[in-house]
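Visitor: Sequence:
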Amino acid sequence: MASIDTFSSRATLDVDGRPYEIYRLDAVPGLERLPYCLKVLAENLLRTEDGANVTADHVRALAAWDPAAEPDTEIQFTPARVIMQDFTGVPCIVDLATMREAVADLGGNPEVINPLAPAEMVIDHSVQIDSFGLASSLEINKEREYERNAERYQFLRWGQGALSNFRVVPPGTGIVHQVNIEYLARTVFTREVAGPDGASAVQAYPDTCVGTDSHTTTVNGMGVLGWGVGGIEAEAAMLGQSVSMLIPRVVGFRLTGSIPAGATATDVVLTITQMLRAHGVVGKFVEFYGEGVAQVPLANRATIGNMSPEFGSTAAIFPIDEVTLDYLRLTGRSEENVRLVEEYTKAQGMWHDPGREPEFSEYLELDLSTVVPSIAGPKRPQDRIELSGAKASFERALPTYAAQAHKPTAVTLADGTLTEIDHGHVAIASITSCTNTSNPSVMVAAGLLARNAVARGLRSKPWVKTSTAPGSQVVTDYYAKAGLWPALNALGFNVVGYGCATCIGNSGPLPEEISAAVNDADLAVVSVLSGNRNFEGRINPDVKMNYLASPPLVIAYALAGTMDFDFATQPLGRDEQGRDVFLADIWPDPAEVQATIDATIDRQMYTRDYADVFAGDERWRGLDTPEGETFAWNEESTYVRKAPFFEGLTMELTPVTDIRGARVLALLGDSVTTDHISPAGAIKSDSPAGRYLASRGVARRDFNSYGSRRGNHEVMIRGTFANIRLRNQLLDGVEGGYTRNFLTGEQESIFDASLAYRAAGVPLVVLGGKEYGSGSSRDWAAKGTALLGVRAVITESFERIHRSNLIGMGVVPLQFPDGESAASLGLDGTETFSVTGLTALNEGVTPRTVKVEAAKADGSVVSFDATVRIDTPGEADYFRNGGILQYVLRGLARGESA
899 MASIDTFSSR ATLDVDGRPY EIYRLDAVPG LERLPYCLKV LAENLLRTED GANVTADHVR
959 ALAAWDPAAE PDTEIQFTPA RVIMQDFTGV PCIVDLATMR EAVADLGGNP EVINPLAPAE
1019 MVIDHSVQID SFGLASSLEI NKEREYERNA ERYQFLRWGQ GALSNFRVVP PGTGIVHQVN
1079 IEYLARTVFT REVAGPDGAS AVQAYPDTCV GTDSHTTTVN GMGVLGWGVG GIEAEAAMLG
1139 QSVSMLIPRV VGFRLTGSIP AGATATDVVL TITQMLRAHG VVGKFVEFYG EGVAQVPLAN
1199 RATIGNMSPE FGSTAAIFPI DEVTLDYLRL TGRSEENVRL VEEYTKAQGM WHDPGREPEF
1259 SEYLELDLST VVPSIAGPKR PQDRIELSGA KASFERALPT YAAQAHKPTA VTLADGTLTE
1319 IDHGHVAIAS ITSCTNTSNP SVMVAAGLLA RNAVARGLRS KPWVKTSTAP GSQVVTDYYA
1379 KAGLWPALNA LGFNVVGYGC ATCIGNSGPL PEEISAAVND ADLAVVSVLS GNRNFEGRIN
1439 PDVKMNYLAS PPLVIAYALA GTMDFDFATQ PLGRDEQGRD VFLADIWPDP AEVQATIDAT
1499 IDRQMYTRDY ADVFAGDERW RGLDTPEGET FAWNEESTYV RKAPFFEGLT MELTPVTDIR
1559 GARVLALLGD SVTTDHISPA GAIKSDSPAG RYLASRGVAR RDFNSYGSRR GNHEVMIRGT
1619 FANIRLRNQL LDGVEGGYTR NFLTGEQESI FDASLAYRAA GVPLVVLGGK EYGSGSSRDW
1679 AAKGTALLGV RAVITESFER IHRSNLIGMG VVPLQFPDGE SAASLGLDGT ETFSVTGLTA
1739 LNEGVTPRTV KVEAAKADGS VVSFDATVRI DTPGEADYFR NGGILQYVLR GLARGESA
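Mapping of the sequence shown onto the numbering used here: position 837 corresponds to residue 1735, and the numbering continues sequentially without gaps.
Think of the hints as simulated: they come from the structure by calculation, not from any bench.
A couple of the hints might just be wrong.
Okay, derived cross-link-like pairs now, DSS-like style, lysine-lysine, Cα gap no bigger than 30 Å in a straight line [unchecked claim]: (1) Lys-1540 x Lys-1582; (2) Lys-1040 x Lys-1305; (3) Lys-1040 x Lys-1668; (4) Lys-1749 x Lys-1668; (5) Lys-1754 x Lys-1040; (6) Lys-1668 x Lys-1540; (7) Lys-1582 x Lys-1359; (8) Lys-1305 x Lys-1379; (9) Lys-1379 x Lys-1359; (10) Lys-1359 x Lys-1668; (11) Lys-1305 x Lys-1244; (12) Lys-1305 x Lys-1754.
Only a predicted model underlies this, so the values are computations on that prediction, with no experimental measurement involved.
Please work from the sequences and hints to get the whole structure.
Guide: Structure, rendered in structure tokens:
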């Protein structure tokens, strides 16, 4: 409970005879005009006001919010809970386990390291598609998952037992964001507190969350304000640290009309992604409003919210209305909870009124009836292509990936089939990812299209690796009830696992004969997936071009077998009567899709599948579980190792120093993603990480992925900047994790060069272009950067999460002067850099700019003033402490010893 209530906003809300303590927004004039998302922040401030971290002035600043002004007021947001997936969550728990030991070393009690906010992890990122197209694929992949990840899973079971307020949803349940909207999200949160008179009371407030996955914004579709943060920020939030942020600009996005026949929710989201990325919404909130909102089913809202990272906003939220309540009932929430959500939001002026237009900073509008079938690619989700122009777009893009237009290559498949593959052939067609597998409209459409295709005698092309990875077991249930599995299986779209598979880079290897043909002939083959991420090198190391599409279009491309295809003019095949079959002939009617949904999906599916969600299967329950308040590290483990971030930590701060004599580790271009910086997918045998694992006796088949080994810093530092498609402009025509070592003049791996620089006492910098660090909220992109010895990253612009993560690891993010870049300043990366002015931070002052001098070999010097992107006083405190975790750890140790 807040210790101060300056505005006398604490009140009681009666819902069906049950009293709830709430903090009323109407106690503060001015809050009533705010968009929904800012009302959530306002309530958060009212409830957590303590006179120090959160003050009355913060509340007044929101009440006086100027929609047109640039953000300049810092507030502290306290999320109700933290949600994690295992790729990013394992290093969180590794850090917490290490922090327990560090607190003890500082004279404190290890048990002060516990999540104070509820923390829930869904293990969904570890299943890999080794087997596909078989009835047994699900069990084979699950068996391999446990073989590979037993150490990680044992560690997480230790955490679940040792850490209070931490729960784990075991493997095989579903994708974190679908489990979040179907089960974990509260919409309105409740907790027991001590009332003003000392008696116990139940407090009600908006459900909010931060998550260690950028697509945490899926839950925005339910009216839950939340977004992705790096793992280091999530750990701080778990330990009671509020999230420092500026009151954002809010983009109002008005929806009208309804989706036309032939278009899907995926097409809507790709259209919105393109519009908002073009408009520019980085660092802003997006809020949907208008009469069209009521026409958007909740699953479609979640699909739109999911793609917030792709268009760059912090959040993309839908207010609460009857559609929200209907979804809560459908997914098994209690009627008491549904009534509380309704009464609370209406009492607080947070219920969506389609006739009212709140004040927004900027305005956009989309008539849903204008949406047309679309895909996106071949390497960015915002690069939308109308399906009618997909063939021509592919032909234009191909020369970037292949020297010649066509290169038919003979290949004999494992079953003896003789065929040939070429540039543009679909090597992977995968229904996967949190974006679409949470959405019955597109999933049922895919199943009906498969049924229609099989009935007309069509089959997937033999070179396509096909798969379905449902977002939850509910999908399996309604497919079974609708009788759609036989057709999906006939096309090879058998269930391969429940988790984020292809979208995260766990597509698994292509069949050996396909892989060999692709690599021997250097073919530019493609993947088509129903995901949200198609960045270079992410999906599969053999696949150069990647396209996002709706689930039914994924199946359509498996039938076509190539991107070099026009669905309007080219038949997919012929039926038994010899008649051409076109996509339009098998595309399901929207009315049948809806009728199937209405007939097959019911509340009992959700209540049954989530009845014992934390228990897990026999494999999970049979794991040996370590015990004890601190973890017994296994020095032989190649998955989980004690984190190095707190070694030698003392209560005294190490003064911030300027940077002198730094060399450039990497000179990078625009749109460098966190996948480029810290890949999640396969570990190549000849990479530094591969050599490390081999030296530890790990067989090649057991390397697993970078994502699965994020609990081992030795793997992750070797994997930093190791993406096979990274282009370091210090080298000519070289792809991958290489650089020029200026100590020797030779080309080396980035990791090996960093070791040499460290031994020579040479600090490092990285130079980048626009949108540096876009993509996943990957804390290892910052952790690895710091461990390589990089002191500063200088770019034209940063994406939000990565910028804050760099600060959280003690790396200073700097921006070139407006309109300038490395190229415009004449920098080629061979210079020696100095950065002066950082020492002002030791005096409690955050400099707006620092002086950068780049000395060339000929003695000339390029000088410029770089903008310091430490944006808030809280971030400055983190940086002075060497990072956010060091800041939190010192505070906890200080409080315990006091």
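Visitor: Each hint needs a verdict: does it hold in this structure or not?
Guide: Now the hints, each set against the structure:
no., hint, result
1, Lys-1540 x Lys-1582, "24 Å, holds"
2, Lys-1040 x Lys-1305, "37 Å, violated"
3, Lys-1040 x Lys-1668, "40 Å, violated"
4, Lys-1749 x Lys-1668, "21 Å, holds"
5, Lys-1754 x Lys-1040, "55 Å, violated"
6, Lys-1668 x Lys-1540, "35 Å, violated"
7, Lys-1582 x Lys-1359, "28 Å, holds"
8, Lys-1305 x Lys-1379, "44 Å, violated"
9, Lys-1379 x Lys-1359, "28 Å, holds"
10, Lys-1359 x Lys-1668, "40 Å, violated"
11, Lys-1305 x Lys-1244, "63 Å, violated"
12, Lys-1305 x Lys-1754, "45 Å, violated"
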